[in-house]
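Chains as they are written, first to last, in full-length UniProt numbering: chain B, 1 to 99; chain A, 1 to 280; chain R, 1 to 648.
No lab work stands behind these hints: they were computed from the structure.
Quick caveat, the model's predicted, so the values are computed rather than measured.
We treat Cβ as the ideally placed atom computed from N, Cα and C, and that holds for glycine.
Any given hint could be a false lead.
Listed next, with one range per pair, are the computed distances between beta-carbon atoms [unchecked claim]:
hint : chain 1 : residue 1 : chain 2 : residue 2 : range
1    : B       : His52     : A       : Phe156    : 19 to 25 Å
2    : A       : Arg178    : R       : Ala635    : 41 to 47 Å
3    : B       : His52     : R       : Phe609    : 51 to 57 Å
4    : A       : Gly101    : B       : Thr64     : 31 to 37 Å
5    : B       : His52     : A       : Gly13     : 20 to 26 Å
6    : R       : Gly604    : A       : Trp104    : 33 to 39 Å
7    : A       : Thr179    : R       : Val598    : 56 to 62 Å
8    : A       : Glu177    : B       : Thr64     : 33 to 39 Å
Listing some non-contacts, in silico: residues in chain B with all C-beta distances to chain R over 12 Å [unchecked claim]:
hint : residue
9    : Met1
10   : His52
11   : Phe60
12   : Phe63
13   : Met65
14   : Glu71
15   : Val74
16   : Thr85
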Amino acid sequence: MNPVNYLYLAGLLFTIGATGVLIRRNAIVVFMCVELMLNACNLAFVTFSRLHGNLDGQVFAFFTMVVAAAEVVVGLAIIVSLFRTRHSASVDDASLMKL
Amino acid sequence: MSAQLAAYTTSTGEAFQFWVLGTVAVLGALCTVFMKKAVHSALSLAGTMIVLAVFYLANGAYFLGIVQIVVYTGAIMMLFLFVVMLVGVTAADSLKETIKGQRWLALLCGVGFGVLLLAGIANASLKDFAGTGQANANGNVEGLAALIFTKYVFAFEITGALLITAAVGAMVLTHRERTERAKTQRELSEQRVREGKYVPPLPAPGVYARHNAVDIAGLLPDGTPSELTVSKTLRERGQIRDVSTDAINDLRALEQRSEERLERTPIEPETFKRPEEASK
Amino acid sequence: MEKLIALLIAAPLLGAAVLLVGGRRLDRVGHWIGTLLSTASFVFGLLLFADLLGRNAEHRTLTQHLWSWIPVEGFQADVTLRLDQLSMTFVLLITGVGSLIHLYSVGYMEHDERRRRFFGYLNLFLAAMLLLVLADNYLLLYVGWEGVGLASYLLIGFWQHKPSAATAAKKAFLVNRVGDMGLSIAIMLMFTTFGSFAFGPVFGHVGDASQGKLTAIGLMLLLAACGKSAQVPLQSWLGDAMEGPTPVSALIHAATMVTAGVYLIVRSAAVFNAAPDAQLAVTVVGAVTLLFGAIVGCAKDDIKKALAGSTMSQIGYMVLAAGLGPIGYVFAIMHLVTHGFFKAGLFLGAGSVMHGMNDEVDMRKYGGLRKYMPVTFVTFGLGYLAIIGFPGLSGFFSKDKIIEAAFAKGGTEGWILGGAALLGAAITAFYMTRVMLMTFFGEERWKNRPTRSPGAPSAEPAAEHRGEHAEPHPHESPKVMTIPMIVLAVGSVLGGGFFSIGDRFLHWLEPVTGHSEGHSPVSAGEVTAATMVCLVIGVAIAWAQYGRKPVPAVAPRGSLLTRAARRDLLQDDFNHVVLVRGGEHLTRSLVYLDHSLVDGVVNGTAAGFGGLSGRLRRFQNGFARSYAVSMFGGAALLVAATLLMRAV
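So here's chain B without its partners, still in its complex pose (with noise of 0.2 Å):
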């Protein structure tokens, strides 16, 4: 088996997630599937990392994960007091902007 069929599943997970993020409403399953896109991400870091050989994909992936880790804390915060004025996790619902 070629090591390049990470890839493949990288680039699959990460369409699923993208059309996940575009499908669903409720903002948690929203993030978790923003979530996923970045995991993908993470695979095909660490593909690429074994593919040149050297550890630089793994330190990027490192830091992916850092960055993931603050952005889910202050994005579920948004969504806990989302949901404290508006009783609804939906993101539909936070369309106001709208003419």
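Start from chain B and add chains A and R according to the hints.
The following block gives chains A and R in isolation, referenced to the frame of chain B:
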């Protein structure tokens, strides 16, 4: 296995592991997207992430594999679950699309994007895998540390600042400033007496020992359920269960079944309805 | 002595400021303040006059530089006053007649609540008019020119609650504006031609300028004069200006302001002398106007409008004389001065009659008033004799000279102009006799009838204070009104003789305007005889028509000419058809063009963008997920583009 071989192919074991666990990962991803309940989505995602951790290990990223399990699956997914609980575990999303054409557009874009991405990967000449054997010669963690604290030290420090900011931001976002002193129990009870409303303690929820029980409204003497008996949180989420007619209906069903068994004609086939519902 | 010149203007200007700013607390004394300051100006004028008389004829030009107005390199506008014989004449006329009319107004406006304001405007007028005649350059003259226009506007519309007065004021202002435009263009032309608009440099360099430019400047100055002096074709405002109080008609629209055009032409003598074409135009305008005004004067039943027609006609004489060049300038000014006396006197007399007749202005409702207001009768009669040119009175001398000068122009022009002037004299005799007969002689048509036909417009609203609906009780006016009339009557009787005998006026003005004797094809005696014959014919016809037969109280239908003359010889109809209608059509087509083309393009663009954005707006549905789809689609396109680039 020689290093030469690792350059463009993997061991059979790894191939087997990839095909099995890869399928699991894709299924988990699909479940994440299509599960109705957020809890199920979160669990599916956790599964996918564990599979990914195994793939990291297989690709020679030992440190990341462990971090993936500890940080992602352990900490972040727990955070997700925690928020899901906070927001309402049973609040199932309806998957019905409300924006016209959104689903088709999303699927079209997704398929198009995916095809293009996979085509791009297929098109790239990715034959020669160097393998991480050389890079991991002094240990994977040591190699990473050497890079992080030399070449990427600034990025690392900035990431630290980002984390601190995120932590503070989350606190600011979720923290609610009290504009007035909280009332003590004594003051609250005095206020109740003064207003003359619900002077006694609130009534207990329903007495039927099924489901959550706390989400079942207690019945008033006239048989109507009282919303007061259910906790305010459940009331706001609309998760009150009305079981005032369940028992009677069950009884009817039982009677009907016994009559069917005794081969009698059913006297009253309809289920019992509350008077106001029947009048609609 | 030069220092006094500024005081001439300063005194009435101070009066205007005090009266207009002072407010109601000056209501009780305002009119005396105004009269006092006007008289003060007259006294300064007399002092300066005495000073000038004490000098040689060559040194009678005084200048006073006050300050630099617009000190720009290459464009020096100074506030400099210039007092010479010409200005002096005007100063004395303006302040003298002005003071008399101030005095008269004290009585005439007695019952008007806004008398203080009226005197403020009168003082403002005096100041502006004095600035006009004392200015040493055209730009400063223009300030005075606009100032008298403003004062005229304010005073015509003094009874602004009457729509007719407000409209008349606007009409006067607008028509004057056409003339003012002429003056401003003339000043600009002077500046481009001579590099200056001060009198000295302009007149000194007339020889250097081309004939065409001088003619253009002359014609523009003539346009200005036409506007201010109510000459054809800008004459239409004067008749309506009689909506103002009668003292205003006497001072501004008979004696002084309307003669500003004559002053302008005579002052610009150097320009006109060098531009014969412009001069010819001036004489034509003068001749046409003198006949035009006279014919209008014949048909009017409103005593003030009849006098207004007469004013127009007499100024026509002056303009005609001014157009004749050096042979006419002096006589133009002389007629101007004598006309100032007798026409002011006539107007004051008319005001006195109206004062006694409950502000009735229709002469057909007068009659036989000589018994009731003897002083008015005598002074008005003397003014009448003066204007028709009765031998020995002032009009006789001044008008006769103009007719002589017209003949002296020579050639066919001379005959035509002289003939017109003679004909004008006959018509003048006719219409003035008509006014005289209808007002003071004949049966008393105001008796035994309702004072005013219902619905007839009240001439002067002060009438309401005086018991309008009672039968009029004609009575003599108070002394404060009759004294100015007497003084003016004396002036009308003696002025002409005083000026003419020994050619005093000629010698006085000659250094400024220059003078030359024409070569008249007819002798002076013949002209005088012809004038006398015309006078007698005019008077006789008038007597035959209005003296011998009773005057009908309702105007007969009259001939076509009469009817046309009653409508001011269709001047307003002409303006309406040619200017108003034409303007309306022009604006309407422009509006159409604006609406269809300009607005069409603008609105079309706007509507196009509006519709486009209305459709584009649908994409902005506010759902974050929709935006995310676009982003994702864009990302897909980017990937595709990257792959495509790589493939290529």
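Hint by hint, here is what the structure shows:
At about 21 Å, the CB distance of B/His52 to A/Phe156 agrees with the hint of 19 to 25 Å. For the hinted restraint 41 to 47 Å between A/Arg178 and R/Ala635, the CB-CB distance of approximately 45 Å keeps it satisfied. At about 53 Å, the CB distance of B/His52 to R/Phe609 agrees with the hint of 51 to 57 Å. Here the CB-CB span from A/Gly101 to B/Thr64 is close to 33 Å, well matched to the stated 31 to 37 Å.
Here the CB-CB span from B/His52 to A/Gly13 is close to 23 Å, well matched to the stated 20 to 26 Å. At about 37 Å, the beta-carbon gap between R/Gly604 and A/Trp104 stays in the expected band of 33 to 39 Å. Here the CB-CB span from A/Thr179 to R/Val598 is close to 59 Å, well matched to the stated 56 to 62 Å. Taking 33 to 39 Å as the suggested C-beta distance range, the pair A/Glu177 and B/Thr64 conforms, at roughly 34 Å.
Once the 12 Å rule is applied to beta carbons, B/Met1 is consistent with being away from chain R; the minimum gap is 25 Å. Listed as a non-interface residue, B/His52 keeps its Cβ farther than 12 Å from every Cβ of chain R; the least gap is roughly 20 Å. Consistency note on B/Phe60: stated as away from chain R, and its beta-carbon is indeed over 12 Å from all of that chain's, at 20 Å minimum. Every CB of chain R is more than 12 Å from the CB of B/Phe63 (nearest about 21 Å), matching its label as outside the interface.
Look at B/Met65: its CB is around 22 Å from the nearest CB on chain R, clear of 12 Å, so calling it non-interface holds up. Against chain R, the non-interface label of B/Glu71 holds: every CB pair exceeds 12 Å, the least being about 16 Å. Listed as outside the interface, B/Val74 is consistent with that label: its C-beta sits roughly 16 Å from the nearest C-beta of chain R, beyond the 12 Å cut-off. With a minimum CB-CB distance of about 17 Å to chain R, B/Thr85 clears the 12 Å threshold, and the non-interface call stands.
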